Every structure is written in structure tokens, then in C-alpha cells.
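Asks: So the protein lines, in turn, are chains A and B. Position one of the first sequence corresponds to residue 147 (the numbering used here), numbered consecutively onward. Position one of the second sequence corresponds to residue 382 (the numbering used here), numbered consecutively onward.
Incorrect hints may appear among the rest.
[As the list claims (entries may be wrong)] Derived DSSO-like pairs (lysine-lysine); straight-line CA-CA distance at most 27 Å:
{"hint": "1", "chain 1": "B", "residue 1": "K482", "chain 2": "A", "residue 2": "K348"}
{"hint": "2", "chain 1": "A", "residue 1": "K151", "chain 2": "B", "residue 2": "K561"}
{"hint": "3", "chain 1": "A", "residue 1": "K348", "chain 2": "B", "residue 2": "K617"}
{"hint": "4", "chain 1": "B", "residue 1": "K613", "chain 2": "B", "residue 2": "K558"}
{"hint": "5", "chain 1": "B", "residue 1": "K674", "chain 2": "B", "residue 2": "K386"}
{"hint": "6", "chain 1": "B", "residue 1": "K476", "chain 2": "A", "residue 2": "K197"}
{"hint": "7", "chain 1": "A", "residue 1": "K443", "chain 2": "A", "residue 2": "K534"}
{"hint": "8", "chain 1": "B", "residue 1": "K476", "chain 2": "B", "residue 2": "K558"}
{"hint": "9", "chain 1": "B", "residue 1": "K561", "chain 2": "B", "residue 2": "K476"}
{"hint": "10", "chain 1": "B", "residue 1": "K386", "chain 2": "B", "residue 2": "K584"}
{"hint": "11", "chain 1": "B", "residue 1": "K558", "chain 2": "B", "residue 2": "K588"}
{"hint": "12", "chain 1": "A", "residue 1": "K443", "chain 2": "A", "residue 2": "K404"}
{"hint": "13", "chain 1": "B", "residue 1": "K560", "chain 2": "B", "residue 2": "K613"}
{"hint": "14", "chain 1": "A", "residue 1": "K443", "chain 2": "A", "residue 2": "K389"}
{"hint": "15", "chain 1": "A", "residue 1": "K404", "chain 2": "A", "residue 2": "K375"}
{"hint": "16", "chain 1": "A", "residue 1": "K407", "chain 2": "A", "residue 2": "K375"}
{"hint": "17", "chain 1": "B", "residue 1": "K617", "chain 2": "B", "residue 2": "K650"}
{"hint": "18", "chain 1": "B", "residue 1": "K558", "chain 2": "B", "residue 2": "K386"}
{"hint": "19", "chain 1": "B", "residue 1": "K613", "chain 2": "A", "residue 2": "K195"}
{"hint": "20", "chain 1": "B", "residue 1": "K558", "chain 2": "A", "residue 2": "K348"}
{"hint": "21", "chain 1": "A", "residue 1": "K151", "chain 2": "B", "residue 2": "K476"}
{"hint": "22", "chain 1": "A", "residue 1": "K399", "chain 2": "A", "residue 2": "K375"}
{"hint": "23", "chain 1": "B", "residue 1": "K584", "chain 2": "B", "residue 2": "K558"}
{"hint": "24", "chain 1": "A", "residue 1": "K389", "chain 2": "A", "residue 2": "K440"}
{"hint": "25", "chain 1": "B", "residue 1": "K582", "chain 2": "A", "residue 2": "K197"}
{"hint": "26", "chain 1": "B", "residue 1": "K613", "chain 2": "B", "residue 2": "K670"}
{"hint": "27", "chain 1": "B", "residue 1": "K674", "chain 2": "B", "residue 2": "K560"}
{"hint": "28", "chain 1": "A", "residue 1": "K197", "chain 2": "B", "residue 2": "K482"}
{"hint": "29", "chain 1": "B", "residue 1": "K386", "chain 2": "A", "residue 2": "K151"}
{"hint": "30", "chain 1": "A", "residue 1": "K197", "chain 2": "A", "residue 2": "K151"}
{"hint": "31", "chain 1": "A", "residue 1": "K389", "chain 2": "A", "residue 2": "K375"}
{"hint": "32", "chain 1": "A", "residue 1": "K440", "chain 2": "A", "residue 2": "K348"}
{"hint": "33", "chain 1": "A", "residue 1": "K195", "chain 2": "B", "residue 2": "K588"}
[Stated by the list, open to error] Label-pair restraints from in silico Cβ distances:
{"hint": "34", "chain 1": "A", "residue 1": "A242", "chain 2": "B", "residue 2": "T682", "range": "52 to 62 Å"}
{"hint": "35", "chain 1": "A", "residue 1": "M208", "chain 2": "B", "residue 2": "I566", "range": "16 to 26 Å"}
{"hint": "36", "chain 1": "B", "residue 1": "D399", "chain 2": "A", "residue 2": "D369", "range": "26 to 36 Å"}
{"hint": "37", "chain 1": "B", "residue 1": "T477", "chain 2": "A", "residue 2": "A242", "range": "51 to 61 Å"}
{"hint": "38", "chain 1": "A", "residue 1": "M383", "chain 2": "B", "residue 2": "Q483", "range": "48 to 58 Å"}
{"hint": "39", "chain 1": "B", "residue 1": "G531", "chain 2": "A", "residue 2": "A242", "range": "44 to 54 Å"}
{"hint": "40", "chain 1": "B", "residue 1": "Q557", "chain 2": "A", "residue 2": "M208", "range": "35 to 45 Å"}
Calculated from the structure, these hints are not laboratory results. Just so it is clear, the structure is predicted and the values come from calculations on it, not from any experiment. Backbone N, C-alpha and C define an ideal beta-carbon position, used for all residues, glycine too.
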Amino acid sequence: MAFDKMELKDIEVWDGNHAAAQAMRQAQIDVVAAYPITPSTPIVEGYAKFKADNYVEGEFVMVESEHAAMSGCVGAAAAGGRVATATSSQGLALMAEVLYQASGMRLPIVLNLVNRALAAPLNVNGDHSDMYMVRDSGWIQFDAFSPQEAYDLNLIAFRVSEDHDVRIPAIINQDGFITSHTAQGVHTLSDDVAYNFVGEYKPMNDMLDFENPVTHGVQTEEDWHFEHKARQHNDMMTIVPGKIEEVFADFEKLTGRKYNKVECYDMNDADVAVVCMGTSVETAREVATEMRAKGIKAGVVGIRVFRPFPFFEIAEAIKDIKAVAVLDRCAPGGAAGTLFNEISGSLYNTDLKIALSGYIYGLGGRDLTKAHLVDLFNELQANADAGKVLTQQQQFIGVRGPKLAYL
Amino acid sequence: MSEMKKIKNLKEFSTSADRFEGANLLCPGCAHSIIVREVLNATNDDLVLASSTGCLEVCTAVYPYTSWDASWIHIGFENSSTAVAGAEAMYNALKTKGRLKQPDRTPKFVAFGGDGSSYDIGFQWISGCMERNHNMMYIVLDNEVYANTGGQRSSSTPIGASATTSPAGTISYGEQKNKKDMLGIMGAHNIPYAAQVSPNKWKDMVKKIQKGFATEGAVFINAVSPCTTEWKFDPKDTMHLADLSTDSLVFPLYEIIEGHELNITYRPKNIVPVEEYLAAQGRFKHLFKDQYKHVISEWQTRVDENWEYLQRREAARV
């Protein structure tokens, strides 16, 4: 029985989860192996309903854990076809072992990661602990700040990940609840246009080609392991960035929506800037505009591609800024914030002397308010005027109790 | 529909199709390679294979070499079952979509795992695959110990065996727990076919494997795999140990169809005392000291009771 196409309005009202599920449907995935977990569950449920209503021709396997979900995805991808899944938080932690195996085996898989805090204490709300936990897993990581971007980046991710020069799995992050459960207008593509953009899956080293049997997942010790890992890193550093730019450019030609590895807002003449990820980018943009009315030249940098990390684009974006704050939505666990460290690394061997400070915020879904950002921009302006960081380098925003500041 | 392979005699069977190379790193006398060859040689169909981390995996796929002349995948310790289930799902998807490169083939999907990766760490994954009834076969190479890592106990290690994490000593006879009844548990998933096999009874084994291959849906096979290194016997005695295991009824050979139809497929003419099976292995040597001899007689009682139980189930069709 042929599957049905879905008629979509030019603009649909979708939350981030539904936007991701729709993009997965349009990509005509061959196998989805998945397990539900808050807040990504509606992606899996939405896809299941598409399947039940004959909008999906591929296989949908509801397995018994997230580890099995990614294990099934790896087996399916090695067999030779398009594969995707979704998870959050504890689920990602459980499947983390297999994330490394998927990337090490160079299997293109798309994972929608709806960001959520990691227990303990148990918490279902959004922060970036899960995203950071797998930062070294060898996966490409995109970050969507809105449902529209969750939709677009899904279509983009298949193209990048499945390219035969790349063959590296990709994660699309979106903020738990704030993006995943907040409905907004989403500009859609028709099923045919979306699928044509993603393109037909082209198998490589597929186990189902019986004329060419292939061995996947071998053992290497000190004789070859290093070369494999180095090659993987080399491709992330040298091939993936260009491929992402190429696919972003194709997507802009098709839709007019332009994506960049680093998204700059009012940065050209800014004195002070905030670097952040997720929905905080949109909040920071709004506050930056309001700060300009008060005479503070504020800008915002959003990280669109977290892996491979856009070192040069970051340095270029903030090279003329006097004071920069890096916002990390994850408990730093005895170190500087993860994103703070990346930005520091981007700048270290340059001549740039930027007053760089880090802020920990929003853990377990705690709101980042406009008032917080107004205070932050004022603090940055003071740093800019002084030409140095006047506070301690690491501060906490919005946590109760005595002020926390370190380093 | 694939044609079932006809097998005339052992010589022809053992050389009929070499999709598993003799060039591998398994110990001389290891039963794993014998079992794998018996499984692969039971069919002429294409194969999609998986192995969990363990002896079979580390000895057959060390880059840049492979012992496998069929598609094969290893992911981790616990998930060979789900790896094959994912591949089987992909086969179904591509079949539906008309994208199979060789659409006329009838591939068989087979996952191997040791008892550590099956009775213990991969138990949930196998249960999931059986419950979802993927069209696949899961085969345990049951040597009752974590052999690859040097002989630690698993939940398949039988009571009284000395393993490195349950060693025999001045106050301990070694492993304190009875072996998990894996076949009973898998049978209770009401899967189309579950069976226990032994490489020495190759006709019984190939019949069951072929029955499994002809089955639509999930198949579970528990294969006794005497381990020369950890059971501590001479490598030339592997088949002798397999004989002792089946003829003592420590490893009775039977099948469970749809969870309720139990058939005993081998009734030894001369039942060997359990003591003889134990005496042939170094891992049970300490049981023959006076202080631990009670373990042997208790074991004989358990084997007798289990044999009675299997026969009652067979008769009652439950």
C-alpha cells in the first residue's frame, strides 16, 4: 500500500516536537527505532501516529530502552538506509555508549535531542547538560532556537550526515518545553519539496548488499585505534564545516531562510555581547535591542553548530567587542562553563584582548528573564568601560541564596 | 521461500560452505567455532550476522582482518540482538519500498552472544527482540563464564564451579547460585521457537537450526559451548565434554514451540552420572573434597528432578 502525502498549509502552528516529527516524516526515513522520554516523547508519538495513518512507509520499531533505540539505529544504518530517532536527558545518558559506536562506525543517523537536565535531583525541564555530556561523542551537533529551526535543521542534518564524504551522525538540539512544547508559526515545505531537498538515501558498505559482504564494528588496539579516531576528527575539522555551509546555502536558495554556524545579531558595531545557545538567544536579542535604546551597544552571538565547533567564526564575530559574556546552561561541575571554555579557546592564540566572563544560568528549567539580561548587559558595559572583567569570572544568574561567584 | 539445505553426512556438512574462516584467534579446542560453522552451514541463504563483544567477536574481527564471509556487525557487549533486529527492520523497509539490491534473496538474520552478554548484560535487549518477534535467530554460545575477560562468573555459571569472581576456597565451594533457566524464560516469551542444542549432537542441532530458519518470527537457541580454557580440560576433549553434558542431562536437548509445546529431542541410552561430567573438568575439582561432596549429590538430585519436570511438561503440552 502506497503511503499518503500530507497537505500542509504554508504556515502551520507547530511546537518544536511536532516540527521535528513532521520533518522526519517528510525525509521518508527507512527505520526509526525509538523509546519515549519527556520532553521528546511527542516526537515519537507524533511519528507513530503518522505511521498509523499511513503517512510513513518505513519501519517504526518501539524498543525497550534508549540504549536499544540507538543499537537498533546502528544495526539499521549499517544495513543501509535512512535512520533517525529522538531522546532527552537520562535517555541520552543511557544511549551514550552507542553514540560513540555510531560515530566510530561512521554511520549517518539523525538524533533529535530535546534538551533536559540530568538527575539528580530528577528534573524534566530544559537545560543543556545532556547536550554537553555528549559533546565529545563524535557527533555533529546543531542547535535550534525555535520550532521553525527544529524543522529546518532536521532536513539539513540528513543531507550533511549522509553525504559520502561525511558519514557522521548528527544531533539536532532544541530546548525542552520552551521550544519542544511551545507552538509557533512554522513555514513549511511541501512533502515533495522537502524530500527532494533531503534526497534519496545512497547506501555505502551496506550489510544488505549480499554480493559485497562487509564487516562492521571491528576491534583495533594500539596499532590502529588512534588512526581511526584521528581520521574521524580530521573529517570533522576539515570536511564537515564546508559541507554544512554548502547545505545551508542550498537551503537558503530553496527557502530564503539563511543559517550560519554562528548567528550574529547586531554585532557589527557592538561594544558588548552575549554568547549563548537555545531559546536564550531569542531573549537576549530582544533585550539587546532594548539596551541600544538606552545607549548600550549590545549584540548577541548564537551558536548554531556546536560540533564541529566554529572556532574561527566565533573569533571573527567577537573580535571588535570590548566585553563578552558566555552563558552556560549546565552545572559546571568544578570547572569553567563548557561554552566559556570553547570561546576562550577560540580566542587564546589571537591578539584579541576581550574582557570575557562566564555565567551559569537556567539549570533545571529556571527562567532566564529579560531583567537578568538587562543587569548582565549593564555589567558588561562596566567591563567594557574598564577594559577588564570587574567581577569574578564565573557568576551564577537567578539562583537563590547568597551570590555565587568563582575564579 | 528459500529451499532447505539437504545435508547427507558430517563430512559434507562440515565442508559445505565456508562463510566462517578457520583463520581466527579462538583457542584450539574452542566449541564456539564449531557451533558457528554448524549454524552457518545449515543454510545456503544469505546471512546478516552480529556478535556481541566476547570471545567470538574479539577473535574474528581484528582490523584489518575478518573471519566473516557474510555481512557481520558488532556494536557492544549487550546489543547484538538489537543490532540484527535493526538490520531486519531495514530489510523490511527496503523490501516495502522496493529498494533491495537483490530482491530475490531470502536472508537470515542471526545474532550470537556469549552467556555473559545473554544471561546477564544483554538480557533486556534479547527479551525486547523476542517480545517484538523480529524475524531473527538469537544464539547463545553458552560456556557458563566470562571467558574473554579471564573467567569471571555469570548468571549461567553453575553452582559449585570455581570462577575468578566466585573462587573455591577453604570455606567456599565456588559459585553459590544455580544457573539461570534461560531457555525456560525465553520460552515464556511465547516465541515461535526456542531450543537447546549441543555441537556434538550435530544432526539434532542442524534440524533445530533449519527449523529456526524456516520459522517466521523470533527464534532463541541456547548452545552448550564447552570451554577448554575455563572449564579446564584438554583441548582434544571438547566433543567428549559436550557428550558428557548431554548424556548426564546437565544439558538436556529439547525445544519449546510457541511457549507450550515442549519436545525432548534426545534421550540418552545410557545416562551418565553428573559426577562423571564434573570430574572431567578442573573447575569442579574442589567438589571432590569431602567437605564439598554434598554439592555433587545435590546436583544429581536437581538434574533428576529437572528431567522429570521436562518429561511432565512434554506430556502435558504446557
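Asks: Hint by hint, which ones does this structure get wrong, listed from lowest number up?
Replies: 2, 3, 5, 8, 9, 11, 14, 15, 18, 19, 20, 22, 23, 24, 25, 29, 32, 33, 34, 37, 38 and 39
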